[in-house]
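Number of protein chains: 2
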Amino acid sequence: MSDAPLAPGSVIGILGGGQLGRMLATAGAALGFDVHIYDPEPDCPASRVAARSYCAPWDDAGAVANFANRCDAITYEFENVPVETVAIAAAAAPLRPGAKSLELTQDRFIEKHFINQQGVKTVPFAQVDDIDGLEAAIEDIGLPALLKTRRFGYDGKGQAWIRTEADARSAWEAIGQQPAILEGAAAFRRELSVVAARSLSGEVRAYPLAENVHGDGILKTTTAPAPGIDRTTQDRALAIARALGDGLGHVGVFAVELFDLGGGELIVNEIAPRVHNTGHWTMDGCGCDQFEQHMRAVAGWPLGDPSAHSACVMTNLIGHDADAWPELAADPQARLHLYGKRTTRDGRKMGHVNRLSPL
Amino acid sequence: MSDAPLAPGSVIGILGGGQLGRMLATAGAALGFDVHIYDPEPDCPASRVAARSYCAPWDDAGAVANFANRCDAITYEFENVPVETVAIAAAAAPLRPGAKSLELTQDRFIEKHFINQQGVKTVPFAQVDDIDGLEAAIEDIGLPALLKTRRFGYDGKGQAWIRTEADARSAWEAIGQQPAILEGAAAFRRELSVVAARSLSGEVRAYPLAENVHGDGILKTTTAPAPGIDRTTQDRALAIARALGDGLGHVGVFAVELFDLGGGELIVNEIAPRVHNTGHWTMDGCGCDQFEQHMRAVAGWPLGDPSAHSACVMTNLIGHDADAWPELAADPQARLHLYGKRTTRDGRKMGHVNRLSPL
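So the protein sequences, as listed, match chains S and Z.
Be aware that the first sequence starts at 1, since it is given in the UniProt record's numbering, and climbs by one per residue.
Be aware that the second sequence starts at 1, since it is given in the UniProt record's numbering, and climbs by one per residue.
Watch out, some of these pointers could steer you wrong.
Unchecked claim - Just so you have them, the derived chain S footprint on chain Z, three or more residues with Cβ under 8 Å: (1) 92-103; (2) 218-231; (3) 236-243; (4) 278-289.
What the hints assert, rightly or not - Not everything, but these chain S residues come out facing chain Z in the computed CB check (under 10 Å): (5) Pro8; (6) Thr26; (7) Ala51; (8) Val81; (9) Trp301; (10) Asp331; (11) Gly347.
Derived from the structure by calculation, the hints contain no laboratory data.
Think of the CB as a built atom: it goes at the ideal place given N, C-alpha and C, for glycine as much as any other residue.
Work the whole structure out from these sequences, hints included.
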């Protein structure tokens, strides 16, 4: 497969058609690409802005091949696409990011091990396969600690805090007695993230560091650029992103969630090998947002300029938060983005609002 | 039909699926709407970013009704949609802008007469129905003068300059001996435009005045905000936009092309009752661009903030200009927008580039 940049008019396929796929699709269209969507969900948000959409299960090998054969490059909007699906797609067209980015981030134990291998710090962690292993891990790491399933966790699901030894069994049951890791608690001052992109030629560029506030395990707000970040800390974040992006051989946008321990010390919480909710502020704060940046990388184009023209506070609209659309539409400071989801459910991300101020 | 604002998830239909329909469609999707496209051209640019598209001739009343019956509001991307098509659509769903905006701008004579009726100046003009009428008009208006067909002119087509009386017959033949108007030449210093929007409630808001340069009758560049505009001139442009928008009972974005005669004196060249090429700079220069602004108005939402965060020079990519996409993609100053047109032809608008600078 060629590394030549894709000409406008080429087809970029996206595995997954939620809000990330939707925002990627419109960004791709603005660059002149046709975007095709594959998602098991009928009438998914991205299908309504795509040149073509395919609705079939992830394990329908024929449907995946049929989709992939029409694509000039393929990407994915989330990291839990089955590896088998990805393998079929990758046989037909360049897959960007590559399968390695998925394999190393679908499993929390493998991911943290990989991060440390790149010379980047994380919290202490240990593999947990059974209740005896959990007790040994508690001994090793100390308490409080956080028990997480190795796979398929998102938005705080599949996690349980262990504060005393007596919590061990209930935590193990709460996460479904699945292969897990135990993570030590970090005494962090705040949560940051760096959203970066790596091009096909290996260039890495990062947006300004963002500060994130979660509630109930779900991102509530992002403030960007994060207040009080000096040049050294921003450079350190870029160096971390570069080490991890290079290690993955990643092509496209990825996000690194960081704990700010104070004094400019950053450790990595996790990597998302895709566009990320903590990068949604770039849609209004930067000329080239994370969705365009990702499509540029996937197309083999040079990266765009990740600098910000405005400061931004992004607020997620979760569940019935989005019912306030009449007030948000009337607020001249609010840049409203809605995802076209048909059904509102508690905890479901329905849209977001960006509020700008001068840098 | 209700004036209540359309809830996200509603269907907005667009008559016409070229680049303006395409950019309107993605802007509508960002606000959570489903956008449906009607265009006689198969595989038109907007069809590839729409929730649904209908391909049928303008005069297929059944197809138009079928499209319109599924829409909660309907708009159009260009002013030459046949009035009969618009009437069928308007019977099924609120048409915004209304039919009056089309009727008064599809015919250059009616349009200029309307503009003067609103107390707004134009160049002198006269109706021309035959060669005798042309000679009388020349007598009346003087030379040089510009002969234009009353209907269906765009990008400099259907126009001929008359510099001496001997040019009259060849000009009349050049425009196909159709009903026409003769316009006096304005001694203007430059061409400006004001892109404005009028909401369902009658509020009018305008983007900063833009300066436009044409070549061969086609827009080449827009510079915005136009250099050297004082507050009084910007206010005068807003007052002109308000008078014309109110007179049309317009709902949505419209553009007023102006001649700057110097000393802050502005006269109107023409009105485009739709989003306009001279507003493409707002995609990168403003938080709320003209496409979002139009969809807000069509949905009955309050208007967004039309202020600019950056200055911008917009350059159209006409015909094979767009072949330079590899260089443009690599230029960190260039915000590239491509329209997904399958075939490059001389004179065809293929995309545009916005280059930003601090205000």
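Interface hint compliance - Thr26 (chain S) to chain Z, C-beta minimum distance less than 10 Å: holds, 4 Å
Interface restraint verdict for Gly347 (chain S) against chain Z (beta-carbon cut-off 10 Å): Where the cut-off is 10 Å and the nearest Cβ of chain Z is about 19 Å from Gly347 (chain S), the hint is violated.
Measuring from the C-beta of Pro8 (chain S) to each C-beta in chain Z, is the shortest one below 10 Å? holds, 5 Å
At a Cβ distance under 8 Å, does chain S reach at least three residues of the segment 236-243 of chain Z? n = 0 at 8 Å, threshold three: violated.
When the least beta-carbon distance from Ala51 (chain S) to chain Z is tested against 10 Å, hint result: This hint holds: Ala51 (chain S) lies near chain Z, its Cβ roughly 4 Å from the closest one there, short of 10 Å.
Are there three or more residues in the segment 218-231 of chain Z whose C-beta lies within less than 8 Å of some C-beta in chain S? Per the Cβ count (0), the hint is violated.
Was the hint right that Asp331 (chain S) lines chain Z, CB cutoff 10 Å? At about 9 Å, which falls below the 10 Å cut-off, the nearest Cβ of chain Z leaves the hint on Asp331 (chain S) intact, so it holds.
Would you say the segment 92-103 of chain Z counts as covered by chain S, given the rule of at least 3 residues with C-beta under 8 Å? violated (count 0)
Would you check whether Trp301 (chain S) satisfies its interface hint, that is, whether its CB is within less than 10 Å of any CB in chain Z? holds, 5 Å
Would you check chain S against the segment 278-289 of chain Z, counting CB to CB pairs closer than 8 Å, and say if three or more residues qualify? Satisfied; 3 residues make the cut.
Verify the interface restraint on Val81 (chain S): the C-beta must sit less than 10 Å from at least one C-beta of chain Z. Cβ of Val81 (chain S) sits 23 Å from chain Z, so the hint is violated.
Against the hints set out earlier in the document, violations occur for numbers 1, 2, 3, 8, 11.
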